[in-house]
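S.K.: If you read the sequences in order, they're chains A and B.
Note that my numbering has the first sequence beginning at 1, numbered continuously upward.
Note that my numbering has the second sequence beginning at 1, numbered continuously upward.
Just some of the chain B residues that point at chain A, by a computed CB distance under 10 angstroms:
hint, residue
1, Leu42
2, Gly143
3, Leu145
4, Val162
So the derived label-pair ranges between C-beta atoms look like this:
hint, chain 1, residue 1, chain 2, residue 2, range
5, B, Trp94, A, Pro174, 51 to 59 angstroms
6, B, Val84, A, Arg50, 54 to 62 angstroms
7, B, Thr88, A, Arg271, 35 to 43 angstroms
8, B, Ser203, A, Pro354, 22 to 30 angstroms
9, B, Leu199, A, Pro354, 29 to 37 angstroms
10, A, Gly63, B, Val84, 46 to 54 angstroms
11, A, Leu654, B, Arg106, 31 to 39 angstroms
12, B, Asp132, A, Arg271, 25 to 33 angstroms
13, B, Arg106, A, Arg35, 34 to 42 angstroms
14, A, Leu189, B, Leu207, 32 to 40 angstroms
15, A, Ala416, B, Arg98, 56 to 64 angstroms
Computed footprint of chain B on chain A, listed as stretches where at least three residues anywhere in the stretch have a Cβ under 8 angstroms from a Cβ of chain B:
hint, region
16, 279-293
17, 667-673
FYI, nobody ran anything at the bench for these hints, they're computed from the structure.
A virtual CB, placed ideally from N, CA and C, is assigned to each residue, including glycine.
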Amino acid sequence: MSDHADAPSSGASSSSAAEAETAAAAAHAPRLARRPRRGRVPPGSADEKRLREIWETPPGWRGWLSSVDHKTIGLRYLVTAFVFLLMGGVEALIMRVQLARPNATVLTPEQYNQLFTMHGVTMIFLYALPVLSGFSNYLWPLVLGSRDMAFPRLNALSYWIFLFAGIFLYASFPTGQAPDAGWFNYAPLSGLEYSTGPNIDVYALGMVLLGISTTVGSMNFVVTLLRMRAPGMSLDRVPVLVWGTLTASAGNLLAVPSVSLAFFLLWMDRRIGTHFFDVLNGGRPLLWQHLFWIFAHPWVYAVVLPAMGIVSDALPVFCRRPLVGYGPVALATVATMAIGFVVWIHHMFATGIPALALSFFGAASMVIAIPSAVATFAWIATIWTGRPVFRVPFLFFAGFVFLFVVGGVSGVLTAAVPFDWQLTDTYFIVAHLHYVLLGINVFPVIGGIYFWFPKFTGKMMSERLGKLGFWVMFAGFNIGFFPMHIAGLLGMPRRIYTYPADMGWDTVNLVTSLGSFLFAFGILIFIVDLAVSLKRGKPAGNNPWDAPSLEWAVSSPPPPYNFAVVPTLASRHPLWEGRIEEPGNAGNVRSQIDEGYLLAEGREALGTTALEANPDVILKMPGDSCAPFFLALFAALFFAALALAAWPFAGAMLAGCAVSIIVWLWPERELIQREPVAVHDAGG
Amino acid sequence: MSDAVNLQRSSREPREPDEPAGVLPIGSAGERSGGWWGCLTLVLTEGALFGYLIFSYLYLASQNAQHWPPEGLPKLTLGVVNTVILLTSSVFVWLCERCVRRRRVRWAVASMATGVVLGIVFMGIQLAEWHDHPYGLTTHLYGSLYFTITGFHMAHVAVGIVVLLLLLIWTALGYFDERRCAALKIGGLYWHFVDIVWLFIFSTLYLTPYLFQEWSWPRT
Numbered sequence: 001m002s003d004h005a006d007a008p009s010s011g012a013s014s015s016s017a018a019e020a021e022t023a024a025a026a027a028h029a030p031r032l033a034r035r036p037r038r039g040r041v042p043p044g045s046a047d048e049k050r051l052r053e054i055w056e057t058p059p060g061w062r063g064w065l066s067s068v069d070h071k072t073i074g075l076r077y078l079v080t081a082f083v084f085l086l087m088g089g090v091e092a093l094i095m096r097v098q099l100a101r102p103n104a105t106v107l108t109p110e111q112y113n114q115l116f117t118m119h120g121v122t123m124i125f126l127y128a129l130p131v132l133s134g135f136s137n138y139l140w141p142l143v144l145g146s147r148d149m150a151f152p153r154l155n156a157l158s159y160w161i162f163l164f165a166g167i168f169l170y171a172s173f174p175t176g177q178a179p180d181a182g183w184f185n186y187a188p189l190s191g192l193e194y195s196t197g198p199n200i201d202v203y204a205l206g207m208v209l210l211g212i213s214t215t216v217g218s219m220n221f222v223v224t225l226l227r228m229r230a231p232g233m234s235l236d237r238v239p240v241l242v243w244g245t246l247t248a249s250a251g252n253l254l255a256v257p258s259v260s261l262a263f264f265l266l267w268m269d270r271r272i273g274t275h276f277f278d279v280l281n282g283g284r285p286l287l288w289q290h291l292f293w294i295f296a297h298p299w300v301y302a303v304v305l306p307a308m309g310i311v312s313d314a315l316p317v318f319c320r321r322p323l324v325g326y327g328p329v330a331l332a333t334v335a336t337m338a339i340g341f342v343v344w345i346h347h348m349f350a351t352g353i354p355a356l357a358l359s360f361f362g363a364a365s366m367v368i369a370i371p372s373a374v375a376t377f378a379w380i381a382t383i384w385t386g387r388p389v390f391r392v393p394f395l396f397f398a399g400f401v402f403l404f405v406v407g408g409v410s411g412v413l414t415a416a417v418p419f420d421w422q423l424t425d426t427y428f429i430v431a432h433l434h435y436v437l438l439g440i441n442v443f444p445v446i447g448g449i450y451f452w453f454p455k456f457t458g459k460m461m462s463e464r465l466g467k468l469g470f471w472v473m474f475a476g477f478n479i480g481f482f483p484m485h486i487a488g489l490l491g492m493p494r495r496i497y498t499y500p501a502d503m504g505w506d507t508v509n510l511v512t513s514l515g516s517f518l519f520a521f522g523i524l525i526f527i528v529d530l531a532v533s534l535k536r537g538k539p540a541g542n543n544p545w546d547a548p549s550l551e552w553a554v555s556s557p558p559p560p561y562n563f564a565v566v567p568t569l570a571s572r573h574p575l576w577e578g579r580i581e582e583p584g585n586a587g588n589v590r591s592q593i594d595e596g597y598l599l600a601e602g603r604e605a606l607g608t609t610a611l612e613a614n615p616d617v618i619l620k621m622p623g624d625s626c627a628p629f630f631l632a633l634f635a636a637l638f639f640a641a642l643a644l645a646a647w648p649f650a651g652a653m654l655a656g657c658a659v660s661i662i663v664w665l666w667p668e669r670e671l672i673q674r675e676p677v678a679v680h681d682a683g684g
Numbered sequence: 001m002s003d004a005v006n007l008q009r010s011s012r013e014p015r016e017p018d019e020p021a022g023v024l025p026i027g028s029a030g031e032r033s034g035g036w037w038g039c040l041t042l043v044l045t046e047g048a049l050f051g052y053l054i055f056s057y058l059y060l061a062s063q064n065a066q067h068w069p070p071e072g073l074p075k076l077t078l079g080v081v082n083t084v085i086l087l088t089s090s091v092f093v094w095l096c097e098r099c100v101r102r103r104r105v106r107w108a109v110a111s112m113a114t115g116v117v118l119g120i121v122f123m124g125i126q127l128a129e130w131h132d133h134p135y136g137l138t139t140h141l142y143g144s145l146y147f148t149i150t151g152f153h154m155a156h157v158a159v160g161i162v163v164l165l166l167l168l169i170w171t172a173l174g175y176f177d178e179r180r181c182a183a184l185k186i187g188g189l190y191w192h193f194v195d196i197v198w199l200f201i202f203s204t205l206y207l208t209p210y211l212f213q214e215w216s217w218p219r220t
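Chain A on its own, in the form it takes in the complex (with noise of 0.2 angstroms):
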């Protein structure tokens, strides 16, 4: 922030006859830099409806596509991550059925394998941070105060990307040549030798494009947090889910290169010859592992730290008080990322690594459980010297505190070498991981659409059905998978697509499989609520459950243009100012939230300076645009030419891709990327 080299006003030092020409012309041209007014916008003024004007999608086909408000896209995310939750479950409900009784014929081995292949891939990938990214980016504006996103049309890239690559890596499913090896795909196994169908390309090549989608996505968060935030939200001011996805979102754009080079090289090995996990010529397999779990073991954490974001940003609402320990979980957010970056070899410690690094990464390992039970700690404090209110978000954030030191306390089991050298790909991994990841990212996540769901829709949704689906899911849940930890303990490998009578495992088996069907009954009367509240839920108002952020200070569902005027923040809980006693907050100073800068000459939106939000600069944000969508839709079919080897095709798309990136670039008057009139040589 030190050199603002470029200077809002004209450099008058230099006068020739072009000059002053151009000086006239720019008169009636847009202006570079104003003072904004104060000032304060009614609800129902006329001022009120021309910001309703400026910035609604206008409805139909077209602005169905070319829509980027974040509150349209983040619904998009929900709801396309929740479908792709229920088609992970139905193929694991399949296989559960399967598994049920040994000596099963449902499934051939075959179909076993592209079951649990995309079970994996659509939960993990398809599901879990793209929910997350639902949440964020329909609430990031809002709970900072801001009109948009930093990068609107970003924004819409990054859905589209999703939704078609989602579409990609289920396109070979119907011809029963999904992707078999497993969603962590371990090379040679991979490899052409051993699987010479289209199964591993359609998986490799979707990756590459998912990764696209991830990475804008989170360039978008990074910067918006930097930038976007409302004037006095200085970083201690954030709420905890915006730490939780910033540092997912800073993850991701370390840790996304990763997963992208490994299959894109894995691709090259398949289809160019290349050789680089090929043994016979020097390549090496566990070149995939590690460039696979410097990725992964950081996505584990993009995946829960948002969810538990939303605990502790929620939890406390219910509790009538302000979470505990807001820095340290703050910091231990942090932490749990950058500690995160060097546990990857834990996934890898039987494959014969050096007693050193399995030392260090053991260590490493066990030393994450810090972070994680101050968080954990924090949360208990908050229900044990608050009021608790025991609403329906109440119970799905409570239930998940518990699940998290169920699977958190296996997770540091298996940090021990000698325990994993045990247990290591055997079904207590299973029950490890679905704990960890059920629990920490299913259940705040249908807590959060509890909690949100009268902001996004201005309804309420149902108590009795909420606490029957909380307590069907909970119980379905832990009779679904706690036996997997025996039966990994009976020594039961996982990713078997069925085992003899005489091992023992019939009886874990059986209740696994009525568990998961439990869970899943708990899961449709999660949908049914959905659906009877959304047609007749009670009206909310605009903050049904008195929370102190905000998103719930505008009305619901919030308008277009989110806040009328900027509003500026004198405190961590802007809505309980007064209430009460607010560390640091010494003179009386309050949030202003019905009074602040008007920002209506067209799109506008404030930025802000990155560590105090200072005011820095007025935005000219972009309207609704259809390049995004082209600009995914070429990036896809380019993908699919190269699944095909349609080389020509590949091209010309390639070519697509370059011209909506250029028009999309192209330097615009509105967005006052360039000068009013055209600049003319000074020179002699």
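Once you've looked at the hints, dock chain B against the given chain A.
M.R.: The following block gives chain B in isolation, referenced to the frame of chain A:
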């Protein structure tokens, strides 16, 4: 940090000498523009990508028992010359923005054109070097690594040249002056990144084999 601030007063430092208090620039203003920050995140993630490529090279080289590189130590002369050419192009791209800020549009165009030409010369020399190697992408592991890593970089140079050409056109059309030239700054940042990454690739592919010569090609 959480102390109550006087919300009416913007405490942004340092203020431009000729910028009155409370006046904010509008639109895409240099390092205050979203694009500048977005490009920084792009550099971060692309830097990580090249980091993983170099990691793969060093990992596979360290696990290799044969001579490395199999065809003998890499020849340095052409590579060093090419490195100098690429770094020089960065200077001209930087110079273009300086000229635009002084409203010397013709010099700016000439400078950017020089940068583009140097970039194309770099690609030409690199292609010639590719052609001269007795091995290809699929010959052996080293060939796969060499061509993949330099190929990734070449793709970035190609994209960079398209970016520079667009900046050249926009500059020639008179889009930019000292108040609005964020595109030049952002495009320049990307090009400098592509150049700096080359230093790491050059060090890895051309210099480390000399460093570890005792293991790979011991002097007889």
